[in-house]
Structure formats: structure tokens, C-alpha cells
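**Q** Top to bottom, those sequences are chains A and B. Just so you know, we're using our numbering here: the first sequence kicks off at 2 and counts up by one. Just so you know, we're using our numbering here: the second sequence kicks off at 43 and counts up by one.
By construction, these hints were calculated from the structure, which means they are not laboratory data. Check before you lean on any hint, since a few could be wrong.
[To be verified] Listed below are the simulated EDC-like cross-link pairs for lysine to aspartate or glutamate, each with C-alpha atoms no more than 16 angstroms apart in a straight line:
(1) K248/A to E281/A
(2) K347/A to E183/B
(3) K217/A to E260/A
(4) K117/B to D154/B
(5) K438/A to D108/B
(6) K135/B to E427/A
(7) K64/B to E260/A
(8) K438/A to E161/B
[Stated by the list, open to error] Per the computed footprint, the stretches of chain B lying under chain A, defined by three or more beta-carbons under 8 angstroms from a beta-carbon of chain A, are:
(9) 62-70
(10) 82-92
(11) 107-117
(12) 139-150
(13) 160-173
(14) 178-185
C-beta atoms are modelled at their ideal positions from N, C-alpha and C, and glycine is treated no differently.
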Amino acid sequence: MSNIIKIYIPNETSANSVGANMIYKNISNLVKDESVEIIRNGSWGAYWLEPFIEIEKEGVRRGASYRNTNLLHLKTIEDFFLDFEKKNPFDINEIDFIKNQNRIVFSRIGQQDPLDIDYYRKTKGYESLSTALEIGHQETIDRIKSSGLTGRGGAAFPTGIKMQTVFDQDVSTKYLACNADEGDGGTFSDRLIMESDPFSLIEGMTIAAYAVGASKGYIYLRSEYPLAKDFLNDAIDIALKNNYLGKNIQNTDFNFEIELRIGAGSYVCGEETAMMESIEGRRGLVRSKPPLPAIKGLFGKPTLINNVVTLATIPALLSQQHSEFSNIGSGKSIGTMPFQLCGNIKNGGLIETRFDITLKEMIENYGSGTKSNRPLHAIQIGGPLGIYLSSNMLNTSLTIESLDKLKGSIGHGGIIVFDDSVDMSEQAKFAMEFCVKESCGKCTPCRIGSVRGVEIIERLQENKASKEDAILLEDLCETLESTSLCAMGGMTPNPIHSIINYFPNELIEK
Amino acid sequence: MSSGQNNTFEPITLIEPFVEKKGGLMPALHTLQEHFGYISKECIAQLATAFNYSQAEIIDVITFYDDFRTKPIGKNIIRICLAEACQSQNCKKLLKDISSQLNLTLDETNHDSGITLKEVFCLGNCAIGPSVMINETVIGEATTEKIINHIEKDGG
Chain A
2 MSNIIKIYIP
12 NETSANSVGA
22 NMIYKNISNL
32 VKDESVEIIR
42 NGSWGAYWLE
52 PFIEIEKEGV
62 RRGASYRNTN
72 LLHLKTIEDF
82 FLDFEKKNPF
92 DINEIDFIKN
102 QNRIVFSRIG
112 QQDPLDIDYY
122 RKTKGYESLS
132 TALEIGHQET
142 IDRIKSSGLT
152 GRGGAAFPTG
162 IKMQTVFDQD
172 VSTKYLACNA
182 DEGDGGTFSD
192 RLIMESDPFS
202 LIEGMTIAAY
212 AVGASKGYIY
222 LRSEYPLAKD
232 FLNDAIDIAL
242 KNNYLGKNIQ
252 NTDFNFEIEL
262 RIGAGSYVCG
272 EETAMMESIE
282 GRRGLVRSKP
292 PLPAIKGLFG
302 KPTLINNVVT
312 LATIPALLSQ
322 QHSEFSNIGS
332 GKSIGTMPFQ
342 LCGNIKNGGL
352 IETRFDITLK
362 EMIENYGSGT
372 KSNRPLHAIQ
382 IGGPLGIYLS
392 SNMLNTSLTI
402 ESLDKLKGSI
412 GHGGIIVFDD
422 SVDMSEQAKF
432 AMEFCVKESC
442 GKCTPCRIGS
452 VRGVEIIERL
462 QENKASKEDA
472 ILLEDLCETL
482 ESTSLCAMGG
492 MTPNPIHSII
502 NYFPNELIEK
Chain B
43 MSSGQNNTFE
53 PITLIEPFVE
63 KKGGLMPALH
73 TLQEHFGYIS
83 KECIAQLATA
93 FNYSQAEIID
103 VITFYDDFRT
113 KPIGKNIIRI
123 CLAEACQSQN
133 CKKLLKDISS
143 QLNLTLDETN
153 HDSGITLKEV
163 FCLGNCAIGP
173 SVMINETVIG
183 EATTEKIINH
193 IEKDGG
């Protein structure tokens with residue numbers, strides 16, 4: 002057995018987008034007998050290396066980047082092995098990008114076939130579900146409360162408190178809805194979980210459903226993620242066959258099923274009330290709150306709504322990793338955060354780390370600077386509704402609190418880097434244009450104000466010194482903030498304010 | 043996989059499994075579009091009858107979502123990502139180049155080549171942009187050449 006040589010070729014959207022599938026085809030054509038096994042693993046999330054191909058031989062696993070590489074000239078598998086050695090292969094766990102992270106939630110990505118349930122179980126998978134079934138509903142919720150976990154979707158609400166509210170409703174039918182409508186530009190942590198460790202999400206959902214007393218769960222997945230859809234469908238099937246979903250889960254009286262629902266290209270459906278409307282088969286118009294979804298949610302029933310990463314964190318909280326997670330950080334910024342470093346950056350990818358690292362560490366140590374080698378100019382944090390920071394704000398710590406102070410938000414953890422070729426007035430205009438396109442249309446300031454916003458910014462692009470337009474833009478932003486039902490309208494001014502404040506004279510001349 | 047244009051099923055056969063499902067309209071719309079390539083007037087009429095909605099209510103839902111369409115479009119759909127991470131990687135220039143190369147503007151279909159050009163906001167491929175999705179395949183570090191090659195090789 003140990004003589005078998007294993008070749009790992011990732012099957013993941015980003016890896017495939019730069020040729021992993023093609024390399025898989027080329028290499029499988031060369032494999033003629035059973036001495037070589039090809040494993041389609043997930044991605045390690047070190048995206049500048051993709052497609053990162055690894056060979057495991059006599060217990061040693063090393064890999065090399067096959068970006069822009071054509072293997073058609075290779076005639077035999079030995080040719081491939083020789084070619085591989087010439088690329089100076091290395092152990093990915095030894096590079097700083099991976100070594101310096103604290104991967105608790107993302108500990109399995111890249112390691113093995115994401116649908117290998119034996120591997121999942123060998124690495125503590127489903128131990129936490131057993132624990133939950135043993136300790137009962139309230140104790141499970143208490144442990145999640147005491148862990149300090151807050152929602153990783155963007156709003157950072159304490160997860161345990163939300164669960165308690167759903168659990169406390171004396172109603173027989175309750176639902177769980179997993180928000181997998183990861184629409185923020187510059188984010189991919191949910192996708193990476195769904196494609197490279199889907200069982201962690203399914204186990205997390207199962208524990209959460211058990212804790213609050215839900216017997217049906219929905220995953221609302223955006224349509225832009227077709228590979229995640231395939232992985233989730235397969236993982237749900239495997240979990241069913243192994244009695245981790247379905248009736249009498251693990252010989253208890255707990256029943257739980259998961260239905261996958263696909264979105265249809267609407268950003269606002271990532272807002273929880275619009276998502277519920279969409280699952281119910283209607284236009285994704287936001288609902289006013291109260292009632293909170295935890296009290297009256299999907300189909301009028303109490304509903305626990307959490308984002309993918311939040312749910313995938315739950316298994317780690319009920320195992321020995323609990324104390325490791327909760328001992329990290331302070332205040333609201335407890336545990337690890339999966340940051341997604343991207344845009345114009347040399348070494349982009351998934352960085353799971355404590356919150357309180359500086360932007361400088363993130364961009365210089367992890368990212369190794371801009372991909373274009375031009376000077377850094379702006380960094381947008383937290384998606385389209387997040388603020389832009391300038392290159393002299395690199396000492397900013399990436400905690401929930403410090404972003405709050407800057408009138409921004411850590412959001413879903415996206416960090417987008419721009420070099421000095423960026424036109425910040427265009428970025429400000431885009432914030433309004435995006436609101437025009439994606440507003441659900443319910444609140445007038447968001448629906449119409451965003452159109453006016455584009456016009457005002459276009460005028461400012463002609464004349465930065467126009468006092469009249471500067472005041473008008475300020476008024477409009479204030480109106481959007483105070484009169485929109487949801488974050489779409491309410492937070493669209495955030496990037497614009499940050500450009501006015503941190504990039505003087507780039508949009509408005511003072 | 044390009045959007046299928048298979049006409050062998052009657053709409054009602056495809057709709058039926060979703061009628062009793064809670065919130066079954068969205069999956070029904072997806073299924074119809076997968077099979078026919080778009081949601082036709084006939085489909086709308088049959089959906090309205092099956093779900094006990096007015097046709098206006100069905101159209102109301104269809105028109106909210108970017109993915110659903112009521113007219114046939116190209117066999118190959120190119121979606122170019124115009125979200126922030128791709129903006130930092132010059133997606134606007136890529137859009138300009140690909141538009142002139144294919145002689146298409148956004149939301150336009152060339153019925154001779156069977157190509158439709160659309161915009162999309164984030165494909166989750168943000169660390170290796172600019173990104174483009176051709177049917178269900180995402181292309182990272184996209185260039186006009188890569189896109190054309192892909193269509194010629196796999197799309198045709």
C-alpha cells in the first residue's frame with residue numbers, strides 16, 4: 002500500500018480557473034496502472050500557487066505550482082515525475098503564508114478529497130455532533146454562547162444569542178436557513194468551505210438545527226457557484242447514507258433534512274429577509290424587522306439564519322478546539338477570522354488568523370505587496386458596502402472594533418487591494434451604481450437616491466470643487482443611512498464617506 | 043455546460059414536482075430555464091395555472107432576478123465580472139477589448155456566433171482576477187485570447 006504514489010490535483014473553482022482540470026486530464030492519461038493514485042483534493046487557499054499539484058511518496062508530500070503549464074509534451078508518468086522534481090517542490094505547510102495562519106475552521110481544506118467522509122471522521126469530524134446529541138439543546142447553545150462566536154456573514158451578531166431566541170420559541174415547526182449567497186465582491190471563504198470541506202458546513206448545520214429544534218434546513222446558494230452546488234449535493238447524499246442526515250440521526254429521535262436552493266443573480270438576496278422572500282418563491286424584497294426571523298421567519302416560523310462560515314465554525318466549538326478558538330482575541334473580535342486577501346495582490350488567498358493583526362502585516366507579510374509592483378493606494382475592507390482605507394492607514398488593526406471606529410465594518414472579511422492606477426472617484430461612483438443595480442426597490446432613497454448619487458458624482462468628476470454637489474452628496478448619504486430598511490441602502494454611503502475623508506481631493510476638493 | 047435548449051419535455055411535466063413544494067416557484071423557474079434556455083410565454087401561463095398565481099405574479103418574480111430571461115439568448119454566455127476585486131485588475135479594459143473583439147455590448151447576443159455577453163458581480167475568484175465565466179466554467183487571469191480560445195475549443 003505504502004508504495005502507491007499519490008498525486009493531488011485540486012478540484013476547486015479558483016484552481017480550475019487557471020488550469021487544474023486540464024492538468025488532471027493530462028496526468029490521468031499518463032497513469033497506466035495502480036501504482037499511482039490521483040486524488041482531487043480541495044484548494045489550500047494559496048491562490049497564487051494554483052494549480053498547486055502535490056505528490057506524496059513514502060509519506061512525504063510536496064507540491065509545485067503548475068500555473069500556465071502545458072503537460073501535453075509528457076509521454077509517460079515518469080516524465081511527469083521528472084518534470085515535477087525540476088520545479089523544486091516543497092511542503093506547503095512550510096511556507097509562511099500557511100505556517101503563520103491559525104487554521105481552525107479551515108483546517109481540512111486542501112488536505113484530501115473533500116467528499117472523503119472517512120478522512121472527515123478521522124479528523125474529528127462528526128465528534129461534535131455526537132457531543133451535542135449527548136449534552137442536549139441548552140448545553141450546546143450555552144457552549145456556543147460562551148465561545149464568543151459572532152456571525153461571520155457581515156453583521157457580527159452573537160451566534161449563541163440568536164440560537165437561544167429560536168430555541169425559546171414554543172412552536173413545533175422551526176427552520177434553519179444557511180445563507181450561502183456570498184455576494185460581496187472580494188469574498189470567497191464560504192465558497193471555499195462548500196467546495197473544499199462541505200461536511201463541516203453540513204455538520205455545523207445539523208448541530209445548530211438540533212440545538213434550536215429545527216427539523217428542516219435550507220442552503221440558499223448563489224447561482225454563480227456551480228461547483229459548490231455539485232459538492233453540496235454530493236455531500237448531502239453521503240451524509241444521508243451515513244445517517245448524519247435524515248431520520249433518527251445517529252440512533253436518536255432527531256430528524257433533520259437539508260434542501261439546497263439556488264439563487265438567481267440578486268445581491269440583495271444575501272440580506273436575510275430578502276433571502277427568505279426568495280426561498281418562499283417571491284421577488285427578493287426586504288422585509289421590515291421586527292418581527293425578527295428568529296421569531297417569525299421562513300414561512301412564518303422561527304428561523305435560525307446563519308452564514309456558511311459561522312455554521313462551519315460550530316463543530317470546532319464543541320470539540321477540544323473550543324478553548325483554542327475562544328482564547329484568541331478580545332471584545333467582539335473573538336476567535337479566528339477567515340480574511341480573503343485579493344485584488345491587486347501578489348499572494349492572495351484565504352488567511353484564517355486572529356482579528357488583531359494590522360493591515361500592514363496582512364498586505365506585506367501575507368500578500369507580499371501589489372501584483373502590479375506599483376505603489377499601494379487603496380484597500381477596501383468588507384465588500385461593496387465596506388470602506389476604502391488609504392495607504393497611510395496600514396497600522397489599522399483588523400478587529401471588528403477598530404473598523405467600527407473608522408465607520409466601516411469587517412463585513413465578511415474581504416480585503417481588496419488597489420494600486421495607484423485606481424481612480425477613487427470611479428470607486429465612489431461604482432458604490433452608487435451597484436446600489437442602482439442591486440437595490441430591491443422597496444425603499445425610495447435606495448431605489449431613486451442611488452440614481453441621483455451617480456449623477457452627483459459624475460458632476461463632481463467634472464468639477465471637484467463644486468460646493469453645491471458636495472453638500473448634496475452629503476445630504477443624500479444621510480438620507481440613505483437613516484431611511485433605508487436594510488444595509489444595502491443604509492451602508493452604500495460608507496465607501497463614499499471613506500473616499501471623501503481618507504482620500505482628500507480625489508473626489509471632492511476641500 | 044451551456045444552458046440546454048431541450049424541447050422534448052412539456053413545461054407542465056417539469057413544473058409538477060415543484061407545485062406542492064414550499065416556495066417551489068424558484069426551483070421550477072430554474073428547471074424550465076435549464077431545459078428550454080428561457081422562460082417562454084407558454085411556460086409562464088402553465089406556471090400561473092399550476093401555482094394558482096396570476097401570470098403577472100409569475101412575471102413579477104421572473105423580472106426581479108438577473109438570471110431569468112423570457113427570450114432565448116446565445117448558446118454561450120460570457121459573464122464578465124465587474125466587481126471591485128476585478129476592477130483592481132483592469133476588468134474595464136478587458137470588457138472593452140472583448141466587446142470590440144466579439145462586436146458585442148453588454149446584454150447583447152450575436153445570433154450568428156451564438157454568444158451573449160453579460161456582466162456579473164463577483165464569481166468568488168477574486169485573488170486571481172480578472173475573472174470571466176463562460177457558461178459554467180470560470181476563467182481566472184482572463185484575457186481576450188483565453189476567452190476566445192475557450193469558446194473555440196469547448197463552446198463551438
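**Q** For every hint, state whether the structure bears it out.
**A** Hint by hint, here is what the structure shows:
no., hint, result
1, K248/A to E281/A, "24 angstroms, violated"
2, K347/A to E183/B, "13 angstroms, holds"
3, K217/A to E260/A, "8 angstroms, holds"
4, K117/B to D154/B, "10 angstroms, holds"
5, K438/A to D108/B, "10 angstroms, holds"
6, K135/B to E427/A, "14 angstroms, holds"
7, K64/B to E260/A, "11 angstroms, holds"
8, K438/A to E161/B, "11 angstroms, holds"
9, 62-70, "holds (count 6)"
10, 82-92, "violated (count 0)"
11, 107-117, "holds (count 4)"
12, 139-150, "violated (count 0)"
13, 160-173, "holds (count 11)"
14, 178-185, "holds (count 6)"
The structure does not agree with the numbered hints 1, 10, 12 stated previously, though it agrees with the rest.
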